[in-house]
Amino acid sequence: NAGVTQTPKFQVLKTGQSMTLQCAQDMNHEYMSWYRQDPGMGLRLIHYSVGAGITDQGEVPNGYNVSRSTTEDFPLRLLSAAPSQTSVYFCASSYSSGPYEQYFGPGTRLTVT
Amino acid sequence: DAKTTQPPSMDCAEGRAANLPCNHSTISGNEYVYWYRQIHSQGPQYIIHGLKNNETNEMASLIITEDRKSSTLILPHATLRDTAVYYCIVRVFIQGAQKLVFGQGTRLTINP
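Chains as they are written, first to last, in the working numbering: chain A, 1 to 113; chain B, 1001 to 1112.
It is possible that part of the hints are untrue.
As the list claims (entries may be wrong) - Using C-beta positions, here's what the derived DEER-type ranges look like:
#1 B/Ile1039 x A/Phe10: 14 to 22 angstroms
#2 A/Asn62 x B/Leu1080: 37 to 45 angstroms
#3 B/Gln1042 x A/Tyr100: 14 to 22 angstroms
#4 B/Asn1019 x A/Ser80: 44 to 52 angstroms
#5 A/Pro61 x B/Ile1039: 23 to 31 angstroms
#6 B/Glu1014 x A/Ala2: 26 to 34 angstroms
#7 B/Gln1042 x A/Asp26: 15 to 23 angstroms
Said to hold, decoys possible - Interface residues of chain B toward chain A, partial, derived using beta-carbon atoms under 7 angstroms:
#8 Tyr1032
#9 Pro1044
#10 Tyr1046
#11 Phe1102
#12 Gly1103
#13 Gln1104
FYI, nobody ran anything at the bench for these hints, they're computed from the structure.
In this text, a Cβ means the ideal position worked out from N, Cα and C, and glycines have one as well.
Working from the sequences, and respecting the hints, build out all of it.
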């Protein structure tokens, strides 16, 4: 199993550009989520999904869109990048039928200039 | 979800047991205690979780007090690779919802 994979590892954007951060898992997990981590801070939840076709907002959803068309993939879209979105982004997945552990991807380091 | 309080930093000598405390005085009866760690800039790694009973796995032990208001994560023989930020998280399990709320965690440094 590859686990949770994220691409790209690094990205630099100019203010106003859009892009999609990719996240995929091969463990047949129902639950997937996106977090951001700013320097010296804990992770904050952006959006999450409990299954294909179902998404919901987390703690800091503004400026981000998600969709879940398949169980495996959960892309995060930045509509119009802003410097405040400079952060490290982590994707996570887990089974949802019990209090299971979450598996995290290696992260995408995004810089918006 | 209940709030948690952890010391911001701790040190431990290599080979000794590292005991990381967590206070969760407002925990309710159906909330689980989870521990994750984050090594440098990597994605968080699950360590262990429990509800009422003490738990042990290949990585660590989790000791939960009888009143459930605090817990301790024990790394029995700490190595340099255990240097990381450790997060204690308390949350209710609701089928389908696995949201985790991360605090600041404890930065554990293992010294040679």
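Going through the hints against the structure:
1. B/Ile1039 x A/Phe10: 14 to 22 angstroms: Between B/Ile1039 and A/Phe10, where Cβ atoms are some 19 angstroms apart, the hint holds.
2. A/Asn62 x B/Leu1080: 37 to 45 angstroms: The hinted range 37 to 45 angstroms holds for A/Asn62 and B/Leu1080, with Cβ atoms some 40 angstroms apart.
3. B/Gln1042 x A/Tyr100: 14 to 22 angstroms: This hint holds: roughly 20 angstroms between Cβ atoms.
4. B/Asn1019 x A/Ser80: 44 to 52 angstroms: At roughly 47 angstroms between Cβ atoms, A/Ser80 and B/Asn1019 fall inside 44 to 52 angstroms, so the hint holds.
5. A/Pro61 x B/Ile1039: 23 to 31 angstroms: holds, 28 angstroms
6. B/Glu1014 x A/Ala2: 26 to 34 angstroms: Since B/Glu1014 and A/Ala2 have Cβ atoms about 32 angstroms apart, the given range 26 to 34 angstroms holds.
7. B/Gln1042 x A/Asp26: 15 to 23 angstroms: holds, 19 angstroms
8. Tyr1032: holds, 5 angstroms
9. Pro1044: holds, 5 angstroms
10. Tyr1046: holds, 4 angstroms
11. Phe1102: holds, 4 angstroms
12. Gly1103: Since chain A brings a Cβ to about 5 angstroms from B/Gly1103, closer than 7 angstroms, the hint holds.
13. Gln1104: holds, 6 angstroms
Every hint from the earlier list agrees with this structure, and none is contradicted.
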